[in-house]
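> At position 207 of the sequence shown the residue is numbered 207 (the numbering used here), and the sequence of numbers has no breaks.
Careful: at least some of the hints might be erroneous.
To be verified - Restricting the straight-line Cα-Cα distance to at most 25 angstroms, the calculated cross-link-like pairs of lysine to any residue (SDA-like) are:
#1 Lys286 x Glu159
#2 Lys311 x Glu159
#3 Lys332 x Phe12
#4 Lys108 x Ile294
#5 Lys33 x Ser289
#6 Lys286 x Leu313
#7 Lys311 x Arg118
#8 Lys84 x Phe12
#9 Lys332 x Asp104
#10 Lys286 x Pro270
#11 Lys287 x Thr304
#12 Lys84 x Arg118
#13 Lys287 x Lys332
#14 Lys287 x Ile190
#15 Lys287 x Thr199
#16 Lys108 x Ile11
#17 Lys108 x Leu88
#18 Lys295 x Leu283
#19 Lys332 x Ile11
#20 Lys33 x Asp109
#21 Lys286 x Ile309
#22 Lys287 x Asn192
#23 Lys108 x Glu138
#24 Lys84 x His160
#25 Lys33 x Leu306
#26 Lys108 x Tyr70
#27 Lys286 x Leu310
#28 Lys286 x Tyr70
#29 Lys33 x Phe208
Hints listed in this document are in silico derivations from the structure and should not be mistaken for laboratory results.
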Amino acid sequence: MKNKIKRNWRIFICAILTGLLLLGAWSAFLDMKQYQSLYYVGTGEETGIAFGEAYTYQQQQMEAEEGKPYSVLFWMIEGFGSLKSSALETEVQTQAIALCGRSDLLLKDSFRLDYDDRRLCIIGSMDAYELFGGTDVEGISVLYEDRAYRIVGVTGQAEHLFLYQAETEGSASFDRAVVSCGDPQQRSMIRNSFESSFTVGNYMENTFLSWLMQIFVSIVPVAILALWAKRFFSTGKRRRRPMFFAAGAALVGAIVILILLIGYPADMIPISWSDFTFWSEMLNSKKESLLMFIKSEKTDLDVTYLMLILKILCYNILAIMSFIFTMWLVQKGRKPANGQFGTEECTQNL
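Let the sequences and hints guide you as you build the complete structure.
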């Protein structure tokens with residue numbers, strides 16, 4: 001009896017752990033969705049967007065009577081530079097990023113900078129600690145390249161970061177762009193419109209990665225629930241049936257979730273189903289954009305995005321392992337021991 005109670009407690013703890021791991025995967029996925037947008041990176045000078053061109057575009061967006069169904073941020077990584085506090089005479093090396101557009105398309109946890117917010121900046125959490133000894137630094141001025149900027153926000157998404165709106169015609173061309181779409185179904189149309197207006201470089205497929213992760217975090221719980229149902233609702237000889245019952249139930253549930261809840265990227269469906277070359281071209285395009293995302297120069301924000309993907313994979317893999325161990329404990333209680341049937345087996349035979 002004591003062994004049975006001990007085993008049941010282990011099963012209960014493992015089941016709770018499995019559920020918590022699945023919740024952790026969903027939490028990481030929801031954080032990852034904040035980064036879901038059209039993301040471009042230039043590979044040479046020919047793909048750069050001049051400051052004047054980007055500023056004029058943002059100004060036209062603001063002045064338009066009816067706003068476009070998307071928001072745009074042009075930006076570039078300037079590299080590491082010196083950030084100083086003139087009052088405390090402290091200095092730190094940080095990664096500077098120049099913007100033209102809404103800063104919240106990159107940072108979700110800080111004050112929003114718009115394209116005309118000159119001489120304002122957002123800094124990383126570690127920069128704030130090293131310069132001022134804390135993160136309550138809004139309103140304090142810092143020096144970057146001998147120019148004074150007033151801090152309006154501190155981000156926890158990056159430790160070392162200096163984010164500001166570019167302000168001179170002599171600024172280097174922007175080599176990156178983020179396009180945030182309110183309606184995912186319009187993403188292909190918006191992408192075509194934006195790419196026809198600017199030579200923005202290569203499209204990096206973080207929206208496709210987000211879609212793949214959504215499928216993953218949806219199918220794993222469905223498969224686990226199907227296997228639980230197969231284990232605990234099957235009795236007698238039905239337990240000896242092949243595992244195709246559980247596999248079939250998991251597959252049906254996954255398809256239902258995929259169709260009803262997740263949807264699909266619009267650019268993955270051909271205009272004509274007789275266009276058989278569409279699939280190979282689409283897969284090659286996805287492959288190239290994923291490789292571009294992997295090979296491109298990373299900011300702290302890109303690293304955060306990749307770490308969220310890693311969290312999703314790790315949480316789900318650990319949940320699967322915890323579930324397998326739980327099933328092993330259940331099966332162990334039903335197997336004969338020393339030539340005798342287990343407790344559950346004896347009850348069924350009687």
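> Take the hints in turn and mark each one as holding or not.
Verification of the hints:
Distance restraint check for Lys286 and Glu159: the Cα-Cα separation of roughly 31 angstroms exceeds the 25 angstroms cut-off, and the hinted pair is therefore not satisfied. Only pairs whose Cα atoms come within 25 angstroms are accepted, and Lys311 paired with Glu159 is accepted, the gap being roughly 19 angstroms. Simply put, Lys332 and Phe12 have alpha-carbon atoms about 15 angstroms apart, close enough for the 25 angstroms limit, and the pair holds. With a C-alpha separation of about 22 angstroms, the suggested pair Lys108 and Ile294 falls inside the 25 angstroms cut-off, and the hint holds.
Between Lys33 and Ser289 the CA atoms are separated by roughly 18 angstroms; this keeps the pair inside 25 angstroms, and the hint holds. Distance check on the hinted pair: Lys286 and Leu313 sit about 20 angstroms apart at the alpha-carbon level, within 25 angstroms; holds. Between Lys311 and Arg118, the direct Cα distance comes to roughly 37 angstroms. Violation of the 25 angstroms bound is thereby established for this hinted pair. For the hint linking Lys84 to Phe12, the alpha-carbon distance of about 55 angstroms lies beyond 25 angstroms, and the restraint is violated.
About 53 angstroms separates the Cα atoms of Lys332 and Asp104, which puts this hinted pair outside 25 angstroms; it is violated. With a C-alpha separation of about 15 angstroms, the suggested pairing of Lys286 with Pro270 holds against the 25 angstroms cut-off. With a C-alpha separation of about 21 angstroms, the suggested pair Lys287 and Thr304 falls inside the 25 angstroms cut-off, and the hint holds. The straight-line distance between the Cα atoms of Lys84 and Arg118 is roughly 18 angstroms, inside the 25 angstroms bound, and the hint therefore holds.
A threshold of 25 angstroms between alpha carbons decides the hint, and for Lys287 with Lys332 the separation of about 45 angstroms lies outside it, so the pair is violated. As the CA atoms of Lys287 and Ile190 are separated by approximately 21 angstroms, the hinted pair is consistent with the 25 angstroms bound. Distance hint between Lys287 and Thr199 is fulfilled; the C-alpha atoms sit about 21 angstroms from each other, no more than 25 angstroms. For a cut-off of 25 angstroms, the pair hint linking Lys108 to Ile11 is broken: about 40 angstroms separates their Cα positions.
Of the pairs offered as hints, the one joining Lys108 and Leu88 is violated, with about 29 angstroms between alpha carbons and a cut-off of 25 angstroms exceeded. Annotation: proposed proximity of Lys295 to Leu283 holds, straight-line Cα distance about 18 angstroms (limit 25 angstroms). For the hint linking Lys332 to Ile11, the alpha-carbon distance of about 11 angstroms falls within 25 angstroms, and the restraint holds. Under the criterion of a C-alpha separation no larger than 25 angstroms, the hint pairing Lys33 with Asp109 is consistent with the structure, at around 14 angstroms.
The straight-line distance between the Cα atoms of Lys286 and Ile309 is roughly 17 angstroms, inside the 25 angstroms bound, and the hint therefore holds. Under the criterion of a C-alpha separation no larger than 25 angstroms, the hint pairing Lys287 with Asn192 is consistent with the structure, at around 19 angstroms. About 17 angstroms separates the Cα atoms of Lys108 and Glu138, which keeps this hinted pair within 25 angstroms; it holds. Under the criterion of a C-alpha separation no larger than 25 angstroms, the hint pairing Lys84 with His160 is consistent with the structure, at around 13 angstroms.
Taking the CA atoms of Lys33 and Leu306, the gap is near 12 angstroms; set against the 25 angstroms cutoff, the hint holds. Restraint check for Lys108 and Tyr70: satisfied, since their Cα atoms lie roughly 17 angstroms apart, inside the 25 angstroms limit. With a CA separation close to 20 angstroms, the supplied pair Lys286 and Leu310 stays within the 25 angstroms bound. Taking the CA atoms of Lys286 and Tyr70, the gap is near 22 angstroms; set against the 25 angstroms cutoff, the hint holds.
Proposed proximity of Lys33 and Phe208 is supported: the alpha carbons are some 11 angstroms apart, at most 25 angstroms.
This entry does not satisfy hints 1, 7, 8, 9, 13, 16, 17, going by the numbered hints stated previously.
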